[in-house]
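Asks: Numbering (UniProt numbering) for the sequence shown: 1 to 49.
Don't read these hints as lab results, they were simulated from the structure.
Mixed in with the good hints, there may be bad ones.
[Claimed, not checked] Quick list of the computed label-pair ranges, beta carbon to beta carbon:
| # | residue 1 | residue 2 | range |
| --- | --- | --- | --- |
| 1 | Met25 | Ser3 | 42 to 52 angstroms |
| 2 | Gly5 | Met25 | 35 to 45 angstroms |
| 3 | Lys29 | Ser2 | 27 to 37 angstroms |
| 4 | Lys29 | Met1 | 22 to 32 angstroms |
Predicted, not measured: the structure shown is a model, and the values here were computed from it.
Ideal Cβ positions, reconstructed from N, Cα and C, are used throughout, including at glycine.
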Amino acid sequence: MSSKGSVLRCDVTGKILMKCFLSGMPDLKLGLNDKIGLEKESQSLNPAY
1 MSSKGSVLRC
11 DVTGKILMKC
21 FLSGMPDLKL
31 GLNDKIGLEK
41 ESQSLNPAY
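Whenever a hint applies, use it, and build me the whole structure from the sequences.
Replies: Structure below.
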């Protein structure tokens with residue numbers, strides 16, 4: 001966090017375990033969003049809400 005409270009760096013570390021009955025090595029695509037972070041940021045900028 002910077003002195004102004006903004007995020008300077010963000011990492012995600014974890015593991016996903018799943019059973020796959022597909023043949024070969026299919027690609028896995030994940031999508032992450034920052035909706036929670038944006039909601040917290042907007043609340044800190046507009047504390048009246």
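Asks: Give a verdict on every hint.
Replies: Verification of the supplied hints:
For the hinted restraint 42 to 52 angstroms between Met25 and Ser3, the CB-CB distance of approximately 46 angstroms keeps it satisfied. Hint check: Gly5 to Met25, Cβ distance near 43 angstroms, so the stated range 35 to 45 angstroms holds. Separation of Lys29 from Ser2 is about 32 angstroms and conforms to the stated range, judged on CB atoms against 27 to 37 angstroms. Between Lys29 and Met1 the beta carbon distance is about 30 angstroms. The supplied range of 22 to 32 angstroms therefore holds.
The structure meets every hint from the earlier list without exception.
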